[in-house]
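Sequences listed follow chains A and B, in order.
Just add 1172 to the spot in the first sequence (first one is 1) and you have this note's numbering.
Just add 66 to the spot in the second sequence (first one is 1) and you have this note's numbering.
Rather than coming from a laboratory, the hints here were simulated on the basis of the structure.
A quick note: this is a predicted structure, and the numbers were derived from the prediction, not measured.
Incorrect hints may have been included.
[What the hints assert, rightly or not] Result set (SDA-like, lysine to any residue): computed pairs, CA atoms no more than 25 Å apart in a straight line: (1) B:Lys286 with A:Leu1419; (2) B:Lys286 with A:Gln1182; (3) B:Lys159 with A:Gln1397; (4) B:Lys149 with A:Gly1253; (5) B:Lys286 with A:Val1184; (6) B:Lys286 with A:Asp1191; (7) B:Lys149 with A:Asp1205; (8) B:Lys149 with A:Ala1187; (9) B:Lys77 with A:His1429; (10) B:Lys77 with A:Gln1182; (11) B:Lys77 with A:Pro1227; (12) B:Lys77 with A:Thr1425; (13) B:Lys159 with A:Ala1400; (14) B:Lys149 with A:Pro1227; (15) B:Lys77 with A:His1426; (16) B:Lys286 with A:Glu1433; (17) B:Lys77 with A:Ala1400.
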Amino acid sequence: MSFKENQEYQTVGNAFSDDPMITCRNVDVFYADKQAIFDVSLDIAKNEVLAMIGPSGCGKSTFLRCLNRMNDTIDICRVSGEITLHNENIHSRETDVVYLRARVGMVFQKPNPFPKSVYENVAYGPRLHGLAETKSDLNEIVESSLRRAGLWKEVKDRLEQAGTGLSGGQQQRLCIARAIAIQPEVILMDEPCSALDPIATSVIEELIDELKQQYSICIVTHSMQQAARVSQRTAYFHLGKLIEIGLTDDIFTHPVHELTEGYITGRFG
Amino acid sequence: MKIQGEGHIFKRFDQEMSHLHSVVLDMGKLAVQQLADANGTLEKADVDAAHQVITNDARLNALDIQADNEITNIIARRQPMAKDLREIIAVGKIVADLERAGDEARKIAGLTIRFFKTSENPPRQEILEDIYALSDFVMEMLTMSMKSFDDLDLALAGNVLNDSLKLDNKLQSTIRRLSTFIMEDARNVGHFVDIVLGIRALERFGGHAKNIAGHIVFIKSGEDVRHAGLEDILARIQA
C-alpha cells in the first residue's frame, strides 16, 4: 500500500478525551519549507500514559517537542494549530516558556544530568522556580523527588557525588527526579529507555506506572512491547500524520488501519 | 521502507509462522484420515485395523505437542502483535480442537473392537449406516474448516457454522431412526447404547470443526465468538 505525504487523511479512532490535560488541534509543523507534521489533533488525558509509536522519521518526536515548545529552540521550525494546557494556549503571548517547560517536563533519550552533584541536579529546578523557601524545604523536595523516582535508597548516602557518576539507568531516574521536583503536570519522555539495559528499563517502566497516578505522561518509544506495557492509549504516526489512536489493548490486538497493522506486526518499519 | 504485503521484516518469522501453519494443516488432514480409517474398520469389521487407528492417534498427539512448542517459541522470540498475535492464539486453540477430534475418531475405532472382537451377535451393517453418513458429514465440515484456515476464508467458516446447525438436525433424526431398529428387533438394544455413544463422538468431532470456524472469525476480525449464538456469528460474518 502506498501512502503519500500530500494525501488527505482522517485519523482512525477517538483521539479526544472527556478530561484532557493537553489538547492539540490541527497541529502542523514545518522545518523551513518541509512539512513534518500534518494536521494532528489529539488530547492527552489526565493521569494517562499515551504512547506515540511509528517508524523513524514519522514525526513522533517532533510532535512531542511541540507540547512544551522545545521546537522553539530550532530556528527553522514553525508550528501552527492550537495546543492548550489546562485550556491555556501554550503559544499565547502571555505564556512564559520557562514556566511552561516546568509544567510540562521532559526526559530525553540519553540521560543528561547536569555536571553537578546528585543533590544539585534535583534542587536546581525548585530553587530556580522558587518552590522552596528554606533549605529544609529544598531537602524535602529533593528527597521526595528521588523517592518517587525510585532512586533514593541508591543515592541517599552519596548526594554530593556527581550525577554523571551514576549508572545509565540511575542517571535516567535522576533526570526523572529532576523533572518531577518542579511539580510538573505533564511529563514528556522521548525514548527514555533506548540507552538502558532490560533491568534498568523495567525499573523505569514501573516508575512510569506509579507516576501516572499524579501526572499525565506522553512517551515516544520505538519498542512496541514497551508501548504495550506502559500505556493506556497508543497513537500511531506515519509520515507526519496521526494514522490511528486508541486504547492500547485494541491497537495491539486488532488495529483498524492497515498501516498500523503493518507496522506493529513488523511488515514494515 | 518495506511495505505491507512483502512479508515480515524478519524473514525467519514468516518461515516460523508458515511452518506452524503447515503443522496445523497436517493435523487437520490426519484427524480426517483417522475418522475415515475408523469408519473403514467398522465397514470391514477389521479389529486389527481398528487397533492400528488407535495406535495412529499418537501421531496427532505428537503434532499437538510440536505445534504447542512452536507456538511457545514464536511468542518467546517474536512477541507477535495484532493479526499475528490473534493467529498464534487461535492456532493454539485449533490444534487442541484437532487433537480432540482425533480422540473422537479413536472412539469410532473402539466401536469396531467392541462389536467384532468376539463376533458374537455383531450389529447388522444397516444399523451402522447412520454412523457412516454422519462421519462423512463431519469429515467434510472439518475439511472445510481447515480450508477456511488455510485461506482465512470467512465465507467458508460461515458454511461450517451453517453445517453445524444441519448436524444438529441430522443427529435428532438419526436417534429417531435408531429407535425404530430397537422396536423391530429387541436384540439390537445391546448395540443401541454403543452406537449412540459413537454418534455422540461424531457430534463432538463436528463440534471441533465448528470451533475451528469460530477461531477463523477471531483471526480475521478480532471478535471472540466462542460463546455467541450461531445466528449472531453468521450475521457478523456477513457484515
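Quick rundown of the hints versus the structure:
no. : hint                    : in the structure
1   : B:Lys286 with A:Leu1419 : holds (19 Å)
2   : B:Lys286 with A:Gln1182 : holds (24 Å)
3   : B:Lys159 with A:Gln1397 : holds (24 Å)
4   : B:Lys149 with A:Gly1253 : violated (35 Å)
5   : B:Lys286 with A:Val1184 : holds (19 Å)
6   : B:Lys286 with A:Asp1191 : violated (34 Å)
7   : B:Lys149 with A:Asp1205 : violated (38 Å)
8   : B:Lys149 with A:Ala1187 : holds (23 Å)
9   : B:Lys77 with A:His1429  : holds (23 Å)
10  : B:Lys77 with A:Gln1182  : violated (32 Å)
11  : B:Lys77 with A:Pro1227  : holds (19 Å)
12  : B:Lys77 with A:Thr1425  : holds (22 Å)
13  : B:Lys159 with A:Ala1400 : holds (24 Å)
14  : B:Lys149 with A:Pro1227 : holds (19 Å)
15  : B:Lys77 with A:His1426  : holds (22 Å)
16  : B:Lys286 with A:Glu1433 : holds (12 Å)
17  : B:Lys77 with A:Ala1400  : holds (23 Å)
In this structure, the hints that do not hold are numbers 4, 6, 7, 10, in rising order.
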